[in-house]
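Chemist: This is what each chain is made of:
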Amino acid sequence: GQQLNQSPQSMFIQEGEDVSMNCTSSSIFNTWLWYKQDPGEGPVLLIALYKAGELTSNGRLTAQFGITRKDSFLNISASIPSDVGIYFCSGGSNYKLTFGKGTLLTVNP
Amino acid sequence: NAGVTQTPKFRILKIGQSMTLQCTQDMNHNYMYWYRQDPGMGLKLIYYSVGAGITDKGEVPNGYNVSRSTTEDFPLRLELAAPSQTSVYFCASNRISTDTQYFGPGTRLTVL
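Which chain is which? The protein sequence lines are S and U, in order. Sequential numbering from 23 applies to the first sequence in our numbering. Sequential numbering from 565 applies to the second sequence in our numbering.
Keep in mind the hints are simulated off the structure, nothing from the lab. Here the structure is a predicted model, which is why all the values come from computation and not from measurement. Beta carbons are placed, not taken as given, at the ideal position from N, Cα and C, and that holds for glycine. Please note that a few of the clues may not be correct.
Just so you have them, the derived chain S footprint on chain U, three or more residues with Cβ under 8 Å [claimed, not checked]:
no.	segment
1	576-587
2	599-606
3	609-616
Can you build the whole structure from these sequences, using the hints too?
Modeler: The following block contains the structure:
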């Protein structure tokens, strides 16, 4: 089946630093989504991208849908302690999503 | 809107027992999904439904069954629980014309 390669697996940063994570795939997707999951909770949608080349921001978060439709990145600027959690990328096609394995983000105050 | 709700939040089963995980959404979404999440493995699709009366297998359907009698509800049935089914289960839904799925809070299941 389809697989997404998400990197890095984990990050430990200082409060105020910027963060970047990305996903690549061997398959083309129509949609790229980024979710955040807090411990004991379900994934929460952060940003949805629907068009190749699209660059979208949501507060301190910025994500891009790669031109080839096989990759996407998420940037977080000026990190704060509440940014801690697991971030998942997801590629969507034909109403089904394929998920990366997640990036565990730890922010040191 | 409550969004996607799941019950129970936690459950412990003995090997061979059966149970139904409940999922309800109040957004009038046509598409609903069941995933399992194992540590470090992301989310794997178990079953999905594109509307009432229509279901189909996902990536890991063995040991599970689903039904979709209404737009709102999409229960997941485990008939003979096995330790390999210990996991966190998430239900999700989305409307027609978009891949953007919204998730419930999850059910943490342990099979001993």
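Chemist: Hint by hint, say whether it matches the structure.
Modeler: Now the hints, each set against the structure:
{"no.": "1", "hint": "576-587", "in the structure": "violated (count 0)"}
{"no.": "2", "hint": "599-606", "in the structure": "holds (count 3)"}
{"no.": "3", "hint": "609-616", "in the structure": "holds (count 3)"}
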